[in-house]
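Just so you know, the protein sequences line up as chains A and B, in that order. If you use the numbering used here, the first sequence corresponds to residues 1 to 499, in order. If you use the numbering used here, the second sequence corresponds to residues 1 to 324, in order.
It should be emphasised that the hints constitute simulated quantities derived from the structure, not laboratory data. Warning: the hint list may mix true and false statements.
Derived list of chain A stretches under chain B, where covered just means 3 residues or more per stretch with a C-beta under 8 Å from a C-beta of chain B [as the list claims (entries may be wrong)]:
{"no.": "1", "region": "28-41"}
{"no.": "2", "region": "55-61"}
{"no.": "3", "region": "323-330"}
{"no.": "4", "region": "364-372"}
Here are the simulated DSSO-like pairs of lysine-lysine, each with C-alpha atoms no more than 27 Å apart in a straight line [what the hints assert, rightly or not]:
{"no.": "5", "chain 1": "A", "residue 1": "K368", "chain 2": "B", "residue 2": "K194"}
{"no.": "6", "chain 1": "B", "residue 1": "K274", "chain 2": "A", "residue 2": "K385"}
{"no.": "7", "chain 1": "A", "residue 1": "K385", "chain 2": "A", "residue 2": "K368"}
{"no.": "8", "chain 1": "B", "residue 1": "K274", "chain 2": "A", "residue 2": "K359"}
{"no.": "9", "chain 1": "B", "residue 1": "K37", "chain 2": "A", "residue 2": "K323"}
{"no.": "10", "chain 1": "B", "residue 1": "K271", "chain 2": "A", "residue 2": "K338"}
{"no.": "11", "chain 1": "B", "residue 1": "K274", "chain 2": "A", "residue 2": "K338"}
{"no.": "12", "chain 1": "B", "residue 1": "K274", "chain 2": "A", "residue 2": "K368"}
Bear in mind the structure is a predicted one, so any value in this text is a computation, not a measurement. All residues carry an ideal CB built from backbone N, CA and C; glycine is no exception.
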Amino acid sequence: MKTEGSEVILSINNVSKSFPGVKALDEVSIDVQRGTVHGIVGENGAGKSTLMKILSGVYQKDSGTVVFDGKQIEHTTPYQSMQSGLAIIYQELNLVNTMSVGENIFLGRFREMKGMKGTHAKARELLDSIACKVSTTKLVSELSVSEKQMVEIAKALSFKSKLIIMDEPSSSLTSEEMCQLVKIINQLKEQGISIIYISHKLDEIFEFCDIVSVMRDGHVIDTKEKSAFTRQELITKMVGRTIENEYPPRPLCVGDTLMEVHSINTHKLHDLSFTLNKGEILGLMGLVGAGRTEIVRALFGADKVRGHRVLIEGKPTVIRNPKDAKDAGFGFIPEDRKLQGLILPFSVESNISMASIRKFSRLGFLRKSLEKDIGARQVKALAVKTPSTKTAVRNLSGGNQQKCIVGRWMETSPRIFIMDEPTKGIDVGAKYEIYNLMKHIVEHGGAIILISSELPEVLNMSNRVLTIFEGRITGEFDPQKASVNEIMGAALGIVEGCV
Amino acid sequence: MQKRNSVLKVTASMLRDYLVLVMIALLVAVTAIVEPKFMSGANLVNIMRQFGPLIMVSLGMTFVIIGGFIDLSVAGTINLVAVVTISLIQPLGQVPALLVGLLIGAVCGALNSGVILSSGALTQAEALFLTFGMSTVYSALALLYSHGSTMHFWDIQKSKSIFEAIGAGRAGPLPLSFVIFLVILALLWIFQTKTTEGRAISLTGGNKTAAHLSGVNISRAIVVVYTICGFMAGVGAIVLFSRITTAAPVIGAGYETNAILSVVVGGTTLKGGKGSVLRTVMGVLLVILMSNCLDLLGVSTYLQVVVKGAILVVAIWLDNRKQA
């Protein structure tokens, strides 16, 4: 589609790419206008990342043409594409942790900058231009995720980029940091820089993208101005089927007190106490780094924390390690699926069975037929899409991998299920299934502690929300009654809130 | 086209998986043709005897590597166990000496895991350096204990029949040391594949964090793998000095690298999680057959070292390719 008077900066024509066994891109065409924010949405495996990797030179296309800034490009290396003015900011940021901000921005180009003095001066200029106040001599390892992202953007600007691709930039940002990113994106747009913005999150797409392309199964399904899409239409096009709602109806089955937690104290958490009721989904809201993950890790015995008291159904319970927690009826979905949750080269079956070894062993010996049953049962119950239970879990999509972790704990029938970012980086369809599972869990007497950076997720799924700010609980809300502003205010440490 | 590709892929992965077996068969065939003596009964028994010390050490090493770690201290452990055990035959008698020797091996291994756990060194690289350090400690203890001198069987007046049997005895047509190996192999195989602790070791090696967060006791798994490794190094030491009837405090030199070589060549991945003691047997067989055949073909010892090094590099390279 072309608008009058606009100029196409990037034109992708009929690009195809195959990998053994899959056609990742099939005749894909997209035009990106100068000075626009072009959103690309699609489920995992839709081909978004493959397309971006072709643009940045990581992969080579099989056929088709790419015209960037009036020149046909046949990129060979990521560095060349950077120099031609096409920068890409990956989900997992590519910065050298042990070097300073300035050094990272001009990595490998210190001589062009006339030494370190020039490097830092020029880096300061770039950071100022995006209103980032981070010192250029600070080590990258000391930065927050959003600050790192700013550094990446500054780095992209240092190449005089005309097009910046952002691959799921918000997946580890909090709402506040997100606002900052939006500001910068708008600013870049005014400078005539185009942005390709890849995301799962529809809110973001609707908030600031100008044009949206929907991808599914290696095809571009539709490209339209944002205003021409309705939310429902976008979802339908992404998943190729109709999902009535993004969230199932909120489960309403809160019962008596199940767990009381008294005064967790660590160097990050200050005298934290709260209760959890039967059949309840308790949302923990807060900025990344506010201490949400630390709270649940302390509860679960993953970090060595002493001195707090936990009462489950009135009985004092001591949890020194995850094994104690498991015995006490906890389940735990960790924040980072691949690093903390799964054993990627292992089969679906062993990934599912690993928390319930005791269930399929006798006198220290394994009974593999029982293990097989466990694997098959959970794969069926959770509708995990996998060729077989023996398939390595690394070959599954993000959503199905997450289901394996849920299945692992379902097998232990937990009473208290801790879920730390359970839907991070998984597609809309799989998200909905996870939400349904959460509903199922609480309706069968379990309770869930939900941590999420996605505000709508917390608001739509929780029965009660606790806001955490700098290691303290700053508010307790009923998400059906409280306003978003109240909750966010408390999560940002601005006002104290109550039910 | 796609179908042919996948057939090729499957064949390639089969070849990689069973490369050791193919190479063993090739080695046997080539050597048997070039040098008919190779298939003689005497040479076969000789090969079985050579199996002795290296297989014991390698079997232990397999567990450490499946658990995601590595152990360079086995050389030091062998030195220490050998000199202490042989010196105790005279004052204590052979059975207590044997038991003390085995105990020292296990304690050395457990000590390694203690150092690793207490320092929080949960990466393979850290374990590499820590156990290297422990190896020098055990070797130095062996030197201090023995005053650097070599001890011989013929200096011992008391009965040393057990050790003589291990070194040169037969059980039917097979060398006794080979029978001992078969029994230990069966036990370790059952332990690795059939028990919950064996599973805990694989899970730990696969992803320590994920295993820990699933309630697997990874500390215990680490203690178990190192203790097994130390114990098996002790067994290896006893088999070794029984065969050569002397024990010098440097007797174990080179065993750590040869054991790692055998484990990796056998197909157990250095990345941890996956592997098998049976694979290690094939790895050891390949390493031994190769030196045996190179000996028979008259290849110089120095060149043999080059070949061994090259094989280790290729094995690790193939393993990395497989993961990619």
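Going down the list of hints, with the structure as the test:
1. 28-41: Answer violated; 0 residues pass the 8 Å Cβ test.
2. 55-61: Our answer is that it is violated, as 0 residues pass the Cβ test (under 8 Å) against chain B, missing three.
3. 323-330: holds (count 4)
4. 364-372: Contact hint for the region 364-372 of chain A vs chain B: holds, 3 residues under 8 Å.
5. A/K368 <-> B/K194: holds (9 Å)
6. B/K274 <-> A/K385: holds (24 Å)
7. A/K385 <-> A/K368: holds (22 Å)
8. B/K274 <-> A/K359: With Cα atoms ~23 Å apart, B/K274 and A/K359 stay inside 27 Å; holds.
9. B/K37 <-> A/K323: violated (58 Å)
10. B/K271 <-> A/K338: holds (16 Å)
11. B/K274 <-> A/K338: Given that 27 Å is the threshold and the Cα spacing comes to 18 Å, the pair holds.
12. B/K274 <-> A/K368: Given that 27 Å is the threshold and the Cα spacing comes to 17 Å, the pair holds.
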